[in-house]
Amino acid sequence: MLYRESGQFKTSYPADQAIFTIKQDRWFFALLMLAAFVGIPLVATDYLYTALIIPFLCMALAALGLNILTGYCGQVSLGTGAFMGVGAVAAWNLAFRVPELNLLVVLVLAGLVAAAVGVIFGLPSLRIKGFYLAVATLAAQFFLPWLFTKVGWFTNHNSSGVITVPRMTLFGWEINTPMEKYLFALGVVTILALAAKNLVRSNPGRRWMAIRDMDIAAEIIGIRPIVAKLSAFAVSSFFIGIAGALYLFVYLGSAEPDGFNINLSFQALFMIIIGGLGSILGSFLGAFFILLVPIFLTRVPPLIGLDMSTAAIAHTEVMVFGALIVFFLIVEPHGLARLWQIAKEKLRIWPFPY
Amino acid sequence: MAFFLEVLIGGLMAGVMYSLVALGFVLIFKASGVFNFAQGAMVLFAALFFVGFIELGLSVWLALPLTVLVMVALAWAVERLVLRHLVNQEGIILFMATIGVSYFLDGFGQSIWGSNVRQLDIGLPTDPIFLMDGDILIQAFDLWAALVAGSLLVALVLFQRTSVGRALRAVADDHQAAQSVGIPLNTIWIIVWSIAGLVALVAGVMWGSKLGVQPAIVSLALKALPVLILGGFTSIPGAIIGGLIIGAGEKLAEIYIGPFFGGGIENWFAYVLALGFLLIRPQGLFGERIIERV
Amino acid sequence: MTATAKKLGDVMLRVENISLSFGGVKALTDISFDIREHEILAIIGPNGAGKSSMLNCINGFYHPQQGSITFRGQTRSRMKPHEAASQGIARTFQNIALFKGMSTLDNIMSGRMLKMHSGIIASAFYKGPAEREQIAHRAFCEKIIDFLEIEAIRKIPVGRLPYGLQKRVELGRALAAEPTLLLLDEPMAGMNLEEKQDMCRFILDVNDEFGTTICLIEHDMGVVMDISDRVVVLDYGRKIGDGPPDEVKHNQEVIDAYLGVQH
Amino acid sequence: MRTRVRTSHQGGGVLGNQGQITPGFRPVSETGHGTDSQAGVDQAGVDSAGRDTIPKYLLHNALHRRDRPAMREKDLGIWQSWNWGEVAGQVRHMASGLAQAGLRRGDKVAIIGDNRPMLYWSLAAIQALGAVPVPIYQESVAEEVQYVVDHAEARFAIAENQEQVDKLLGMRERLPRLDLIIYTDPRGLRHYHQPGLRDMAGILADGRQHAETHPDFLETEIAKGQGGDLALICYTSGTTGRPKGVMLSHDNVVRSANMAIAFDRINENDEILAYLPLAWVGDNFISYAEATIAGFCVNCPESGETVLTDLREIGPTYFFAPPRIFENLLTTVMIRMEDASAIKRGLFKYFIALARRVGRPILEGKPVGLADRLLYGLGEVLVYGPLKNVLGMNRLRLAYTAGEAIGPDIFDFFRALGINLKQLYGQTECTVYLCMHTDDDVLPDTVGKPAPGVEVRIDDKTGEVMFRSPGVFVGYYKNPEATDEAKTPDGWVHSGDAGVFADNGHLRIIDRAKDVGRLNNGALFAPKYIENKLKFFPQIKEAVAFGDARDFVACFVNIDLGAVGSWAERNGIAYTSYADLAARPEVYDMVRGCIETVNRDLASDSSMADSQIKRFLVLHKELDADDGELTRTRKVRRRIIADRYAEIIEALYSDRKSIAVDAKITFEDGRTGSFKANLAVADAQSFATPAPTTLRKAG
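Residue numbers (our numbering), protein chains in the order written: chain A, 1 to 354; chain B, 355 to 648; chain C, 649 to 911; chain D, 912 to 1610.
There's no promise every hint is true.
As the list claims (entries may be wrong) - Restraint ranges, calculated between C-beta atoms of paired labels, are given here:
#	chain 1	residue 1	chain 2	residue 2	range
1	C	G671	A	P14	48 to 58 Å
2	A	P14	B	N442	51 to 61 Å
3	A	L347	B	R635	36 to 46 Å
4	B	F513	C	G671	26 to 36 Å
5	A	K10	D	D1283	36 to 46 Å
6	D	T1131	A	A15	38 to 48 Å
Said to hold, decoys possible - Far from chain C, some chain A residues (derived; all Cβ distances over 10 Å):
#	residue
7	Q17
8	F171
9	S202
10	E219
11	L252
12	G253
To be clear, the hints were calculated from the coordinates, so they are not data collected in a lab. Remember, predicted model here, so these are calculated numbers, not experimental data. Cβ atoms here follow ideal geometry from the backbone N, Cα and C, with glycine treated the same way.
Kindly produce the complete structure, drawing on both the sequences and the hints.
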């Protein structure tokens, strides 16, 4: 309905392959960015930042990473939490031991470390598929946090095993207030999301999807499974690692390594299932949705005059998650992203039904 | 030496527990190709209801059939609300669905019965038994557990011989064949999930009375996964043997290797063991080799 | 433009005494034949004659227990499919093996993977070398799209396409690799007459315009006789005929095999 | 694959050469030369700057619009584009190449193929050399092609692809004068080694070399051309007999084009989609002459199937289509809306109703209440805008329909949406147009007033439309008799159409003059007028009325498979084939409904009251151009139908209730078979003429 595509023809391949080929979409995205970088800082409260927006950014990035592996390359992983942990611990150690290191460099290096670890735990994917792999990734999920707690070096032999983030500066910019942290995270996430989009629309993406859709055919057109799968693990873990680092640096502030546990893994998995497997946008929608549910559950019942014990809330939350997953898998296996897409299509061909 | 044996036997006994959970996985996977991640949750679920009924003052012999009913109802519900709608989906989707189910059961069970640890005593002897003139100590309870597991296994094997059992195996091979057996697919699934439910109940009771009924059981149940990798997803004996290996393996590792790492390695050792094993024999100890066709 | 209008080159691929079996079940027994440059070779035979298995051996998906396959002078053992691909062997499948989640264009682009080299980093930045590469190859793939007359479905996910078109897209994906040897597994299975005629035209055009050597499995005898230069007949994993179409047509053993006479 | 000669580097050639001719040349500002090219066009469309041939305008564009888009083609997934500089470069090379190949002043060159840039450029290249292009309909069968090529004495033929080349080669021995066949798309022609067959790429290569050594060859050749020279020979697929070659001079084309451009303020910012046959004078006029003179951009679709998609992508500002295309668009719109959700359908119905009420007044700048204006604005957002967007018409500022009468409510529908759809009347012999609607004076059932510089009168005896204008053709090629028949000594031309002037000065065409007959009771009988009224129903695709020298009017009907088919599905009527559906009693009832509505309408006009249809039948097969029953432009060929269906026609005038026919059908795969069908002949009710007070007011 809002689209006026007629006359927006493409005279070159770059234009035809752009991320947003329709003018109206470009406007919409521009507005979105404006709202994110300017609008939110104007209105958001500290509570909103710490309770929703910042964790949203971190988890969205993690989900994005997982989506690359699971949604695009078809390799199920239950190790997200652990890889976030790797990123977090690596980043903390870098920042703590080499204070003069630029914050961005720290993040990138942390991501690379996570990527390396990811590749190691991705090795089994060359021999095994599906559930077998899912189980294999659990090994990482249980082994890594244990490693960080057991080997004192990772936490600088801190008795409590808690790592606390040193104060952050970026090119002299002090990142203290929630808003500053938000802007920093937003910047990082935006750049990485763009990178992810670029990856999935060029060679690596096609390689991954080929493996996902039909690995045999993929091999027969010359795609080497080892390259495809391990690169997926590496890239995925890179994103997840940085997500973990952000999670610690801008959200938690201080944490115990075994806080990066299996629940985090499941959360990320739920995010991409509900958000949409194989969709960048979906990772964000899913993250937003999943993080909204608990807030919803804690806020709404009082409003409608029934008070639930925190335990009850916790249990309902778990139930709701479970139910939602099943619901989405049955009703819309491609998640919110597909719903969004459908809505968009409807608008494009409005008033026609098809 | 004696100490080694004691550890070994202790480990094997613990392994029996894993096997019990793994059995549930295998049954369902064989019959419906569904990797039921919720098996662990089902164990807790069953245990919670069982202990819950007892706390309501019911006798064990009343609580037991009631819980069985609950588990059958659960199987029915799962088929009705989940499986039926995902029939033609790829395994991985079903797998994720069962993760959802797992969460749901977890939350549901606890919101009914609460999440605090409950003691469960079904009157199994807990006094220690000494072998080799006292050098080796074994918990009688563990023996009983082994006994129960064994008999359960026998029961299952016998069941396999019944017409229903054969039908189930037919389903495992291909769903069309199942139709020819005359039992509708949905019914078969309900049956399988019910049986898995029973197995879960047994496991739940055993574990409940060993460590008390508590949410931690779920994560313990996750230990069944490496067992499956070892034993193969489709083999009942595999599940048993795998369980024993894992159980013994991680106990021994904890005692003999653990110290070098500062202990606590049993919560990952099983996985790493399985992982290493995967690289050598992807299809597991007893799983069949898959020939891919183009 | 007819298949006879061109001269056949020398041997490109030599299959010698291939035997293949799965767990005791013999799929192929002592098969030998040649494929010559620029020819269209048809492998025919009743169902279960081992035709597909033969192709799977050639492009390295199966590894025969005995015998050797020599491609362009180099004999190989236990070669992987992607190695075969990088040597210039492309193929299509009996039951379509497209990447359902991707558009027609992306499927064809993916067929070009071997020719594209920009890595993770470059791709992540996209602008610059990666984009330039994408565009260069896009242009090539568009030529294939134009060649196969599938402009109208360029951006449609292949999962949504009718069967006949999917077959065409799969051919396009194979062509994108600019193969020297093209293996087609029942390219016309389940097509209506019009679609078959188109497919024949495309196969002949490919063979003619790009000089691609083609080895195809086909059931439709009419088609086989029309387009192939040479026919190899398999039955129960054995080779029972090898020669020009009309010669094979009159081979008694072949006729029996097709009439299902026991032997 | 089609060879593409992108000329970003060669395009510079023009500037290079121009550089020598006009030192200190600077590109003129866009706004500046928009008017400049129109500079000093007098009432007769004569250009004061002395540009009297189209190639001269091309050079002008190469100089003053060098970097503006001239042509686009959807190929290899994107809109390949050429600016005027590049086009001129192409033409330069092609002209040189053709000259090298031996093309001489006055030679005829046949051109056959789809709307491809290369073919449009060849028009310019050929004219630049003073030779005469003879475009041929691309669907013509080999015999038709052979006739035209032979009759035009073409020495060269430019064919798009293998299909066309095969037609020519097949007829080669019957084309002694044809020296050279040039193809633009080499696909499949690799093994063609016949003598006198060349690839355009080769011609262009030669041309490029030649152009380097003779930089101003093109300019000098073009300079030799004069307005009096022959610009074009268009063979009209006449409704009877062999096609006639209409000779048009550069003066004809340039003047007509200049006046049309002034009339509708067409300018270089316009965009069109060139999808109508190149051989049709209208496309040649708009996509070549007007485009070159006004300097706007011509877009060529990817292929026949993708026209609608391409239309949507380009979103032209200037659009020309025969009524049937607007009909089809409206039909598909309605059919697609059938399946829309109730809310959408409601919205659609409401706002379309509103538009039909206030849309045209708003478009024509007549006073409309504020409330309605606001509602219409809302409708623009919710319905009209999106609808136009999906149809590719949201940038449309000027649309014409011609060739046939258009259904009033189809016409109104598009105007109601705010699309400036107008009617035009003309023919090849007058270089496309005689009458056109002005933006503010548009009526659905007229073709508007005579255009500037055009004189039109009605022959009071025959009622035939006569005209005189700068566009009047030179004559029929090699057919002086026909020329004399058509042209009176004092320069008036017989249009062959019967028409009447309405009180408001608008011309209304009722039929072909020769087809207007009389019933036995002496009443006027204009079959086309009746047939059109029938064809205005979406369910009816074609109709043929009979009545000349008969007691009453009867007709054949062809149902529209698309519309009636979906109607049948919605009403649960199963059918296997066209013939089967056509024979259904339900369909007969529906058709009778339409006919009786028409009868009522006819009855309301005393002059037509006697033309009410008494008997009809639904034909078992679709009338088809390939069977010679229709012209390529889908005009009914009465004579052919009259004798091919004589038996059936008699049945209409007998009292038989049905007639057996032996029908030939062609299957998908090209095989043909025949089947016996039994056609029912049905009666329709007719009505009495009401009191004269309710006579339809003219217009």
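Taking the minimum C-beta separation from G253/A to chain C, is that value above 10 Å?
-> holds, 30 Å
Could you tell me whether the CB distance from P14/A to N442/B stays inside 51 to 61 Å?
-> Violated - the Cβ-Cβ distance for P14/A and N442/B, about 40 Å, lies outside 51 to 61 Å.
If you check the beta carbons of K10/A and D1283/D, does the distance land in 36 to 46 Å?
-> holds, 39 Å
Can you let me know if the beta-carbon spacing of G671/C and P14/A is within 48 to 58 Å?
-> 53 Å Cβ-Cβ, so the 48 to 58 Å window holds.
Between T1131/D and A15/A, is the Cβ distance one that fits in 38 to 48 Å?
-> holds, 40 Å
Beyond 10 Å from chain C, beta-carbon-wise, is L252/A?
-> Per Cβ check, L252/A is outside 10 Å of chain C; nearest 28 Å; holds.
Report holds if the minimum CB distance from S202/A to chain C is greater than 10 Å, and violated otherwise.
-> S202/A is in fact no farther than 10 Å from some Cβ atom of chain C, at 4 Å.
Non-interface label on E219/A, tested against every C-beta of chain C at 10 Å | Its Cβ does come within 10 Å of chain C, the nearest being 4 Å, so this is violated.
Is 26 to 36 Å right for how far apart the beta carbons of F513/B and G671/C are?
-> The hint (26 to 36 Å, Cβ to Cβ) holds, given that F513/B and G671/C are roughly 29 Å apart.
Does the Cβ-Cβ separation between L347/A and R635/B fall within 36 to 46 Å?
-> With Cβ atoms ~53 Å apart, the hint is violated.
Run the C-beta distances from F171/A to all of chain C and say if the shortest one exceeds 10 Å.
-> holds, 22 Å
Far enough from chain C: is every CB of that chain over 10 Å from the CB of Q17/A?
-> violated, 7 Å
When the structure is compared with the earlier hints, violations turn up for hints 2, 3, 7, 9, 10 and for no others.
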